[in-house]
Amino acid sequence: GESVGLHLPTLSVQEGDNSIINCAYSNSASDYFIWYKQESGKGPQFIIDIRSNMDKRQGQRVTVLLNKTVKHLSLQIAATQPGDSAVYFCAEMGAGTASKLTFGTGTRLQVTL
Amino acid sequence: NAGVMQNPRHLVRRRGQEARLRCSPMKGHSHVYWYRQLPEEGLKFMVYLQKENIIDESGMPKERFSAEFPKEGPSILRIQQVVRGDSAAYFCASSPPVGSGANVLTFGAGSRLTVL
Chain A
1 GESVGLHLPT
11 LSVQEGDNSI
21 INCAYSNSAS
31 DYFIWYKQES
41 GKGPQFIIDI
51 RSNMDKRQGQ
61 RVTVLLNKTV
71 KHLSLQIAAT
81 QPGDSAVYFC
91 AEMGAGTASK
101 LTFGTGTRLQ
111 VTL
Chain B
1 NAGVMQNPRH
11 LVRRRGQEAR
21 LRCSPMKGHS
31 HVYWYRQLPE
41 EGLKFMVYLQ
51 KENIIDESGM
61 PKERFSAEFP
71 KEGPSILRIQ
81 QVVRGDSAAY
91 FCASSPPVGS
101 GANVLTFGAG
111 SRLTVL
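These protein sequences, in sequence, are chains A and B. Position 110 of the first sequence, counting from 1, maps to 110 under this note's numbering, and the rest follow consecutively. Position 6 of the second sequence, counting from 1, maps to 6 under this note's numbering, and the rest follow consecutively.
No lab work stands behind these hints: they were computed from the structure. Careful, some of the hints might be misleading.
[What the hints assert, rightly or not] Label-pair restraints from in silico Cβ distances:
# : chain 1 : residue 1 : chain 2 : residue 2 : range
1 : B       : R78       : A       : G16       : 43 to 53 Å
2 : B       : S66       : A       : S28       : 32 to 42 Å
3 : B       : K44       : A       : T69       : 22 to 32 Å
Just so you know, even glycine gets a beta-carbon here, dropped at the ideal spot from N, CA and C.
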């Protein structure tokens, strides 16, 4: 289940189950969104992106859904694996902001065996 | 093709000393960004540079912090007279030129600054 810890919200998922990580963004002018994965002691790693003219985009085992009406973004990971354990950040970029990304707070995904 | 290279990976400074963090962008990338991350938090934008130009420094503290990206050599984030609150992970990212069709930022592994 999902719980809010002292700092980062944490999502615990059993290996093989699907994971859904949610993100609310603040700027209605944002037109580009990215999900990053950050493992302990490492920099953020690109997972998947989506532009505001789309509402869904699929990659390998990952799907990003965008709901502009409620300014909500989600990342779905199919058949979650132990290697998926990390902190996941959504990031938004507004038009004309010259690639400046604004990051969300992040969600820690814990995959249990 | 090496990714974004940052050094040092770990840096310890005493209060009042200077910290210099270096970042070499990916080959072919002409834009560099610096972000700061406190424990258990997201990354906060600090500054965006192109060669010899600061494009956006809206996230930089007004005092003690400076950044440069010279014509030759890496980008440098400089923190003068460090205080304990400067302890954080500092990440550099780079991206291709605007208009190249790819504006995804690629991040380095970060430099972790600890101020004693």
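Hints the structure fails to honour: none
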